[in-house]
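Could you slot chain B onto chain A? The hints should help.
The lines below spell out each chain.
Protein chains: 2
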Amino acid sequence: MPEELAAGPRESPRAPRTGPREVWKKGGRLLSVLLAVNVLLLACTLVSGGAFNKVAVYDTDVFALLTTMMLLAALWIGFYLLRTARCADAVPYRDAHAGPIWLRGGLVLFGICTLVMDVFKTGYYSSFYECQSAIKILHPLTQAVFVVIQTYFLWVSAKDCVHVHLDLTRCGLMFTLTTNLANWMAAVVDESVHQAHSHSNASHARLAANPERVGSQAGGDCACATTVCQIFERGYFYLYPFNIEYSLFASTMLYVMWKNVGRLLASSTHGHGHGHTPSRGSLFRETFFVGPVLGLMLFLVGLAVFIIYEVQVGRDGDHTQQALVIYYSFNIACLGLMTLVSLSGSVIYRFDHRAMDHHKNPTRTLDVALLMGAALGQYAISYYSIVAVVVGVPRDTLGALNLAHALLMIAQHTFQNVFIIESLHRGPPGAEPHDAPPKEPCLTFANPDALHALPTCPPTPRSVSPGLVGPQEATATFLAPRAHWRRRCLKDISLFLLLCNIVLWIMPAFGARPHFSNKVEVDFYGYSLWAAIVNICLPFGIFYRMHAVSSLLEVYVLA
Amino acid sequence: MPEELAAGPRESPRAPRTGPREVWKKGGRLLSVLLAVNVLLLACTLVSGGAFNKVAVYDTDVFALLTTMMLLAALWIGFYLLRTARCADAVPYRDAHAGPIWLRGGLVLFGICTLVMDVFKTGYYSSFYECQSAIKILHPLTQAVFVVIQTYFLWVSAKDCVHVHLDLTRCGLMFTLTTNLANWMAAVVDESVHQAHSHSNASHARLAANPERVGSQAGGDCACATTVCQIFERGYFYLYPFNIEYSLFASTMLYVMWKNVGRLLASSTHGHGHGHTPSRGSLFRETFFVGPVLGLMLFLVGLAVFIIYEVQVGRDGDHTQQALVIYYSFNIACLGLMTLVSLSGSVIYRFDHRAMDHHKNPTRTLDVALLMGAALGQYAISYYSIVAVVVGVPRDTLGALNLAHALLMIAQHTFQNVFIIESLHRGPPGAEPHDAPPKEPCLTFANPDALHALPTCPPTPRSVSPGLVGPQEATATFLAPRAHWRRRCLKDISLFLLLCNIVLWIMPAFGARPHFSNKVEVDFYGYSLWAAIVNICLPFGIFYRMHAVSSLLEVYVLA
Numbered sequence: 001m002p003e004e005l006a007a008g009p010r011e012s013p014r015a016p017r018t019g020p021r022e023v024w025k026k027g028g029r030l031l032s033v034l035l036a037v038n039v040l041l042l043a044c045t046l047v048s049g050g051a052f053n054k055v056a057v058y059d060t061d062v063f064a065l066l067t068t069m070m071l072l073a074a075l076w077i078g079f080y081l082l083r084t085a086r087c088a089d090a091v092p093y094r095d096a097h098a099g100p101i102w103l104r105g106g107l108v109l110f111g112i113c114t115l116v117m118d119v120f121k122t123g124y125y126s127s128f129y130e131c132q133s134a135i136k137i138l139h140p141l142t143q144a145v146f147v148v149i150q151t152y153f154l155w156v157s158a159k160d161c162v163h164v165h166l167d168l169t170r171c172g173l174m175f176t177l178t179t180n181l182a183n184w185m186a187a188v189v190d191e192s193v194h195q196a197h198s199h200s201n202a203s204h205a206r207l208a209a210n211p212e213r214v215g216s217q218a219g220g221d222c223a224c225a226t227t228v229c230q231i232f233e234r235g236y237f238y239l240y241p242f243n244i245e246y247s248l249f250a251s252t253m254l255y256v257m258w259k260n261v262g263r264l265l266a267s268s269t270h271g272h273g274h275g276h277t278p279s280r281g282s283l284f285r286e287t288f289f290v291g292p293v294l295g296l297m298l299f300l301v302g303l304a305v306f307i308i309y310e311v312q313v314g315r316d317g318d319h320t321q322q323a324l325v326i327y328y329s330f331n332i333a334c335l336g337l338m339t340l341v342s343l344s345g346s347v348i349y350r351f352d353h354r355a356m357d358h359h360k361n362p363t364r365t366l367d368v369a370l371l372m373g374a375a376l377g378q379y380a381i382s383y384y385s386i387v388a389v390v391v392g393v394p395r396d397t398l399g400a401l402n403l404a405h406a407l408l409m410i411a412q413h414t415f416q417n418v419f420i421i422e423s424l425h426r427g428p429p430g431a432e433p434h435d436a437p438p439k440e441p442c443l444t445f446a447n448p449d450a451l452h453a454l455p456t457c458p459p460t461p462r463s464v465s466p467g468l469v470g471p472q473e474a475t476a477t478f479l480a481p482r483a484h485w486r487r488r489c490l491k492d493i494s495l496f497l498l499l500c501n502i503v504l505w506i507m508p509a510f511g512a513r514p515h516f517s518n519k520v521e522v523d524f525y526g527y528s529l530w531a532a533i534v535n536i537c538l539p540f541g542i543f544y545r546m547h548a549v550s551s552l553l554e555v556y557v558l559a
Numbered sequence: 001m002p003e004e005l006a007a008g009p010r011e012s013p014r015a016p017r018t019g020p021r022e023v024w025k026k027g028g029r030l031l032s033v034l035l036a037v038n039v040l041l042l043a044c045t046l047v048s049g050g051a052f053n054k055v056a057v058y059d060t061d062v063f064a065l066l067t068t069m070m071l072l073a074a075l076w077i078g079f080y081l082l083r084t085a086r087c088a089d090a091v092p093y094r095d096a097h098a099g100p101i102w103l104r105g106g107l108v109l110f111g112i113c114t115l116v117m118d119v120f121k122t123g124y125y126s127s128f129y130e131c132q133s134a135i136k137i138l139h140p141l142t143q144a145v146f147v148v149i150q151t152y153f154l155w156v157s158a159k160d161c162v163h164v165h166l167d168l169t170r171c172g173l174m175f176t177l178t179t180n181l182a183n184w185m186a187a188v189v190d191e192s193v194h195q196a197h198s199h200s201n202a203s204h205a206r207l208a209a210n211p212e213r214v215g216s217q218a219g220g221d222c223a224c225a226t227t228v229c230q231i232f233e234r235g236y237f238y239l240y241p242f243n244i245e246y247s248l249f250a251s252t253m254l255y256v257m258w259k260n261v262g263r264l265l266a267s268s269t270h271g272h273g274h275g276h277t278p279s280r281g282s283l284f285r286e287t288f289f290v291g292p293v294l295g296l297m298l299f300l301v302g303l304a305v306f307i308i309y310e311v312q313v314g315r316d317g318d319h320t321q322q323a324l325v326i327y328y329s330f331n332i333a334c335l336g337l338m339t340l341v342s343l344s345g346s347v348i349y350r351f352d353h354r355a356m357d358h359h360k361n362p363t364r365t366l367d368v369a370l371l372m373g374a375a376l377g378q379y380a381i382s383y384y385s386i387v388a389v390v391v392g393v394p395r396d397t398l399g400a401l402n403l404a405h406a407l408l409m410i411a412q413h414t415f416q417n418v419f420i421i422e423s424l425h426r427g428p429p430g431a432e433p434h435d436a437p438p439k440e441p442c443l444t445f446a447n448p449d450a451l452h453a454l455p456t457c458p459p460t461p462r463s464v465s466p467g468l469v470g471p472q473e474a475t476a477t478f479l480a481p482r483a484h485w486r487r488r489c490l491k492d493i494s495l496f497l498l499l500c501n502i503v504l505w506i507m508p509a510f511g512a513r514p515h516f517s518n519k520v521e522v523d524f525y526g527y528s529l530w531a532a533i534v535n536i537c538l539p540f541g542i543f544y545r546m547h548a549v550s551s552l553l554e555v556y557v558l559a
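Taken in sequence, the protein lines are chains A and B.
So the first sequence is numbered by UniProt numbering: it starts at 1 and just counts up by one.
So the second sequence is numbered by UniProt numbering: it starts at 1 and just counts up by one.
Any given hint could turn out to be false.
No distinction is drawn between identical chains; accordingly, a pair holds when it is met within one copy or between any pair of copies.
Stated by the list, open to error - Below are the DSBU-like pairs computed for lysine-lysine, each with C-alpha atoms no more than 30 Å apart in a straight line:
#	residue 1	residue 2
1	Lys519	Lys360
2	Lys26	Lys360
3	Lys519	Lys259
4	Lys519	Lys26
5	Lys360	Lys259
6	Lys259	Lys26
Hints in this document: simulated from the structure, not taken from any laboratory.
Since the structure is predicted, the reported quantities are computational estimates derived from the model, not experimental observations.
So that you can see chain A by itself, here it is in the shape it has in the complex:
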């Protein structure tokens, strides 16, 4: 990335004499991380304690903590905005990679959905105001204010490299990040409790036998009887996934801002997203139309399958079975295609000689870590499914479909991650002619200024093996049309994967839970264990899809 020519003395591990300034950077980071860890663990304790009915932590305690945290974070954001507006020197540099437009756009979108959710929640709790703690109405109102302030703050400041009040800014950012994570935990736990509650209602019809559970759900002695109230309740549980995504989006942007505090960059005036304006322009002009068309077809079929599934599942045994077969068949086809396409993308990169981008880039490092980390959620669910199907006794069609689905899920996540990570490390397209390695036979000597520091030339069996690199290099200068062809292929691939990820995001985000309808795992692990596994891991799986979409959009622009 040409904007970031000099990493500056505070970023380079090679500068051994910067002395006292570096210790303060690490010290400030340590301080803010310790603050965040402690606040987060306190929130985690209260939220998880509040989730268990027999534990004497009330949800009002949790709401009070979250409200306080959001108010404090909003106060800090106001202070930050005031200060950077008044002091021109506060933000001397802006990181062009941070806060790309699709991330900020997604943040605004999810922020609006969160505001709608807060309206529903306020309406729900206002329906039985008289027998309700005031904090339950105060909490969604505070959340709405916080979301508005934070979204504006991130829209304006996501690219800032702050250079005043370093420690205070680090602590403030970490505290705001912690607030978002606490909101996220509370939303996940609330959704799980609601789901477990509706499961126990549906399967045992114990609504009347379990009054204190219902009481704690609907607050005190009042029940949610009116139609408006029930619409509000259903609506706000429906909107939880957006709130969860909003918190995670805001957290990633805040983390990048935190990493950028005190960072020095060479150029400070670049405002556009990624510096790849030449490759923008008409969205589909540079593709073969195969990727977007095939992706769009899969997208529409997926929507139809999802609607059929939602309508048919849970009606009776036969319909559920049929819905599950349709659901799994579509997913297996989709995942298989995605795996093949990701693989072919990786194969194309084997013939691509663009230089790799080695510049320090906190946004990209975080992107890669999030892709790998979020994939763990789906990996875990898949492995538990595999064990349940393989070890479990009844082996029918559904079990086979489930097994194939789980195996393909693992393969698809793996190959898609490999493809995306390799794509993100490619330089921009214009870098091909002058950044390619020189054509010496021994590639070990490509970096002449590092060579004199080495006493010996180590054996490098990979680089001198001519099988892959040699013949291509000899004809490298004649490859211009082929390079163009490759680029169009990569754009097709990324658009196809993007659309598939969207449809695979929609299904679980809007409530498809074949994990429970399909009884294999529930029978094998028991409901409570399997619910715990799915409820902890599935939000990561859903977040992975969202994050893959934003990464694939970046891959499309970079290709």
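Same frame as chain A, but now just chain B:
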């Protein structure tokens, strides 16, 4: 660290033209991480499935998986040792920071204890050989072979920077690391099941009413009736903590080896531990004797308290109460002293002008990450205790002691981590005269070669504030005796903290569980939730103490 002058082209983020070699490094790392994640998740699924009685995963499945993994890892280790012995070019460099002598010594110590455990386990399962799956005897035998091979391998090769078969070596190291983590998980789960089992026996005396549970513990239809068998059983559960530590020690060393694969260093022949031979010598000669003497006193008092606690707890209500009061009082005194001492260590560093060490050092990065990560276990337990005491109803002496203990635990971990991390980033003592920053008034200009790359000099309010730095700098050349005095103080502090950490390690590692004897949290959260919290978090807390001891030994040598 003077040995590591040139980071080499593959390690520096500044070298933008290394091209194809760098992508292979990242690709190889990605590949091995993906392998490790998948194997680890599979092991995690089986181990956690085997822990639940109603899940149809048998412990023989888990044993079979672990045995296979250990055999494969042992095969790879044999292949690695053969190859590096035959090929002189395979290991051109050795990382002097990796595998210090205390880590390798600890590994051997815990390895021996694991071997004893394996003997006990083999004896235990041989006692009822006829009604037992053969894999249960094969597993400890394989583990013994694996431990011997792996300990030899790590003793010999912990410092290697391998340069042949890079991808295969990365995958092999990651697979061995995964095997250790799987062993660790299995040990933790087995210990938890055993503890929950003995808890349910002790509190409900349901031994006879729950025959299938006992059956699954003792294997099939046979009971462990003979005295020898019972000694074997008690012995091997007693030795589990050592097995857990062994797995974690081996994992950290394997991770550092993995990070070092393909790394280029300037000098290759350094064999000694840390290059700080001048500060070795007689162990206590350079201290004021206050630290070691006070630490030794606390150590002995702690041992006495631990024995009293173990004898008195669980006898009856009064004795248990008394034992808990003694236990908590000692811990509060010890933690309070440690907090104060860590704080004073950090204060001393404010007057210390040794240059910070900014060289890339995977061992240190991992050390810091492990200290911060392992502390999370104890943090979590403490926050759950605090919430239980503050929100719970009965407020007596024990509750107050518990609260003070939890709060001091958090403070002690925080300040000790700050002290250790700051210590590990100090340069060696000899570096003081020539590595100190030049005495310009504006420290921003300390790195002249980075300055011309920057268009502006950013505002740095911290560095130019004269409050802390100014007066000390003016007299820096006259501080030699004071610097010596500071160094002795730091050595005292590190020895004191080291001894305290050992005694705080002994108590939980050898079975003190005030978390359950003290009924506050059990009553508040319910037994199963609280047991899950403690059993997941406490192993990290115990590992933290071990790791802090090894880090403090390093601090002592560096000071």
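Practice task
Using 30 Å as the alpha carbon limit, work out where Lys26 and Lys360 are close: within a copy, between copies, both or neither.
Solution key: both (17 Å within a copy, 14 Å between copies)
Problem - Homo-oligomer pair classification [Lys259, Lys360; C-alpha up to 30 Å] - result: Intra 11 Å, inter 19 Å, cutoff 30 Å: intra and inter.
Problem - Status of Lys360 relative to Lys519 across identical chains (alpha carbons, at most 30 Å) - result: neither (48 Å within a copy, 51 Å between copies)
Problem - Intra/inter-copy verdict for Lys519 and Lys26 if alpha-carbon distance must be at most 30 Å - result: Neither: 51 Å inside a chain and 41 Å across chains, both beyond 30 Å.
Exercise for the section: If the cutoff is 30 Å on CA atoms, where do Lys259 and Lys26 land: within, between, both or neither? Let me know, please. Expected result: The answer is both: 11 Å in one copy and 22 Å across copies each meet 30 Å.
Problem - Same-copy or cross-copy closeness of Lys519 to Lys259 [CA-CA at most 30 Å] - result: neither (45 Å within a copy, 43 Å between copies)
The structure fails to meet hints 1, 3, 4 from the earlier list, while all remaining hints are met.
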